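Participant: Protein chains in written order, with my numbering: chain A, 39 to 177; chain B, 39 to 177; chain C, 39 to 177; chain D, 39 to 177.
These are calculated hints, taken from the structure and not from any lab test.
Careful: at least some of the hints might be erroneous.
A pair holds if it fits inside one copy or across any two, identical chains being indistinguishable in the list.
No more than 27 Å apart at the CA atoms, straight line, and that leaves these computed lysine-lysine pairs for DSS-like [unchecked claim]:
no., residue 1, residue 2
1, K155, K137
2, K172, K104
3, K139, K155
4, K66, K104
5, K172, K66
6, K105, K155
7, K105, K172
None of these values were measured; they are calculated from a predicted model.
Protein chains: 4
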Amino acid sequence: MLKNTIEIPIRFSEIDSLRVVWHGHYVKFFEDGREAFGKQYGLGYLDIFEADNLAVPIVDIQLQYKKPLLYGDTAIIETNFINSPAAKIIFEYKIFSGKDKSLSCSGQTIQVFMNPKNMDLYITVPPYFEEWKKRHDLP
Amino acid sequence: MLKNTIEIPIRFSEIDSLRVVWHGHYVKFFEDGREAFGKQYGLGYLDIFEADNLAVPIVDIQLQYKKPLLYGDTAIIETNFINSPAAKIIFEYKIFSGKDKSLSCSGQTIQVFMNPKNMDLYITVPPYFEEWKKRHDLP
Amino acid sequence: MLKNTIEIPIRFSEIDSLRVVWHGHYVKFFEDGREAFGKQYGLGYLDIFEADNLAVPIVDIQLQYKKPLLYGDTAIIETNFINSPAAKIIFEYKIFSGKDKSLSCSGQTIQVFMNPKNMDLYITVPPYFEEWKKRHDLP
Amino acid sequence: MLKNTIEIPIRFSEIDSLRVVWHGHYVKFFEDGREAFGKQYGLGYLDIFEADNLAVPIVDIQLQYKKPLLYGDTAIIETNFINSPAAKIIFEYKIFSGKDKSLSCSGQTIQVFMNPKNMDLYITVPPYFEEWKKRHDLP
Numbered sequence: 039m040l041k042n043t044i045e046i047p048i049r050f051s052e053i054d055s056l057r058v059v060w061h062g063h064y065v066k067f068f069e070d071g072r073e074a075f076g077k078q079y080g081l082g083y084l085d086i087f088e089a090d091n092l093a094v095p096i097v098d099i100q101l102q103y104k105k106p107l108l109y110g111d112t113a114i115i116e117t118n119f120i121n122s123p124a125a126k127i128i129f130e131y132k133i134f135s136g137k138d139k140s141l142s143c144s145g146q147t148i149q150v151f152m153n154p155k156n157m158d159l160y161i162t163v164p165p166y167f168e169e170w171k172k173r174h175d176l177p
Numbered sequence: 039m040l041k042n043t044i045e046i047p048i049r050f051s052e053i054d055s056l057r058v059v060w061h062g063h064y065v066k067f068f069e070d071g072r073e074a075f076g077k078q079y080g081l082g083y084l085d086i087f088e089a090d091n092l093a094v095p096i097v098d099i100q101l102q103y104k105k106p107l108l109y110g111d112t113a114i115i116e117t118n119f120i121n122s123p124a125a126k127i128i129f130e131y132k133i134f135s136g137k138d139k140s141l142s143c144s145g146q147t148i149q150v151f152m153n154p155k156n157m158d159l160y161i162t163v164p165p166y167f168e169e170w171k172k173r174h175d176l177p
Numbered sequence: 039m040l041k042n043t044i045e046i047p048i049r050f051s052e053i054d055s056l057r058v059v060w061h062g063h064y065v066k067f068f069e070d071g072r073e074a075f076g077k078q079y080g081l082g083y084l085d086i087f088e089a090d091n092l093a094v095p096i097v098d099i100q101l102q103y104k105k106p107l108l109y110g111d112t113a114i115i116e117t118n119f120i121n122s123p124a125a126k127i128i129f130e131y132k133i134f135s136g137k138d139k140s141l142s143c144s145g146q147t148i149q150v151f152m153n154p155k156n157m158d159l160y161i162t163v164p165p166y167f168e169e170w171k172k173r174h175d176l177p
Numbered sequence: 039m040l041k042n043t044i045e046i047p048i049r050f051s052e053i054d055s056l057r058v059v060w061h062g063h064y065v066k067f068f069e070d071g072r073e074a075f076g077k078q079y080g081l082g083y084l085d086i087f088e089a090d091n092l093a094v095p096i097v098d099i100q101l102q103y104k105k106p107l108l109y110g111d112t113a114i115i116e117t118n119f120i121n122s123p124a125a126k127i128i129f130e131y132k133i134f135s136g137k138d139k140s141l142s143c144s145g146q147t148i149q150v151f152m153n154p155k156n157m158d159l160y161i162t163v164p165p166y167f168e169e170w171k172k173r174h175d176l177p
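Next comes chain A alone, as it looks inside the complex:
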């Protein structure tokens, strides 16, 4: 299973008037996790773009909130690659409090392959992603 874990400090500007991280910022945390995963395993936005001239827009996000993160804490972001035969990149996320390791939020994103010039979707698995899977022993 391919997995990345990073830890980032909560920013003052991310706290809302209930004194917790505003829920919308977790979408950014998911992207932070995805980017760190991409850097670790060679599946970043730029890797895919430079190899195949494709962008990988998000088409679906789901977030379940369990326990809000507070100011002064850090977010531990765990990003798991979910293998699928489709022309899609699927990640699952778990965000934990750095302080007490409790689960704060979990969720999933689905990305597709798109030609950024004409916005056409790519319905077969593109070459770079195919090789990338092979390199990581994914069926």
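Here the structure of chain A is known, so what remains is to put chains B, C and D in place on it, guided by the hints.
Facilitator: Below, chains B, C and D alone, put in the same frame as chain A:
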């Protein structure tokens, strides 16, 4: 069916390097819609807080992206109240392009009732929400 | 004097843990004002780009905060064009509370003309801006 | 001279349609630097709040932009404490590209001491800040 529709201009700062609205901003658009709904029907954050001393945090969000919004366009945000017997507030959203009326994004949020002091959840329907439903002929 | 005034509602996500609008969001309000000015007078980002292929990046911002805006209020954004012989676009801003009309923030931005392809600066007043000034009787 | 330096990766969501970091995000970078300084030297928002029950809102920001940061780069944020006899906290910032060490942005913030309950300003140097200065041999 209770429904609110607002139209807001896309901000330059909301556009990402693919020249489309960054996907995370739609969470903000959902909140814009929810707030406008709250103002129209008396179900705003402050209404609930002032009546029952309760906050209404988001516990679940789902977003499906169909077609990205571009700079120069507006977002038409349609917010529908989904009635449920549970101690939850459920909204469904549809975001359309102001230019060609095409569907850009759809989704759903679930909110629960929470005591903001001790963060305890409220598992029965609180008084203000109960009366609010009656006022709007909701079972 | 060329001036635009718009009024926008404060968003829940803009409120920080001190229950006031987080100071960084005023930069966005300035941009909202600038965009509304651009739309009213034909000096938007896209107008300049389409006419002369130039971008107009910010090179200097100053903000003075007087009184924080609160949730439930609106921001009245007043954007004034400051004429200058230089190859620069200068705006002054005043942001007022919609509730009590008190001054919340004032400030200034300076923009220059840049070729977005090679990021070279343009040191003479470009054609579109020159004509624009004439059209508005500015020396 | 008291100084903190941190390095943070540029986020995809911080890039605008000109493929550079949107200018408003630098206000967040200044806050990142300020927070890291506060952690290193014991002058964080919570330190001051817990000691003297005071908040330290920003009343003035100035930013000068030199060279935009790009996606894939990091921001090196240098935060310098500027000593002053007034009841103010003054910081100067320099943001450099992690890649070529060129200066991207410089600026300054001024903060004052405020009672967060009634929003009254504190015009004399409060006890915690006075002791903090002594501890760091500042006149």
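Participant: Should K155 paired with K137 be assigned to within, between, both, or neither, using CA atoms and 27 Å as the limit?
Facilitator: This pair counts as between: shortest inter-copy Cα distance 20 Å, intra-copy 44 Å.
Participant: Should K172 paired with K104 be assigned to within, between, both, or neither, using CA atoms and 27 Å as the limit?
Facilitator: neither (36 Å within a copy, 30 Å between copies)
Participant: Under a CA distance limit of 27 Å, which applies to K139 and K155: within one copy, between copies, both, or neither?
Facilitator: Classified as between; 22 Å across copies, 43 Å inside a copy.
Participant: Within a copy, between copies, both or neither: where do K66 and K104 come within 27 Å Cα-Cα?
Facilitator: Classified as both: same-chain Cα gap 17 Å, cross-chain 20 Å, threshold 27 Å.
Participant: Measure nothing new, just compare the shortest in-copy and cross-copy C-alpha distances for K105 and K155 to 27 Å and report within, between, both or neither.
Facilitator: between (41 Å within a copy, 14 Å between copies)
Participant: Are the CA atoms of K105 and K172 at most 27 Å apart within a copy, between copies, both, or neither?
Facilitator: neither (38 Å within a copy, 31 Å between copies)
Participant: At most 27 Å between alpha carbons: which applies to K172 and K66, within, between, both or neither?
Facilitator: Answer is neither; intra-copy 29 Å and inter-copy 39 Å both fail.
The earlier numbered hints that this structure contradicts are 2, 5 and 7.
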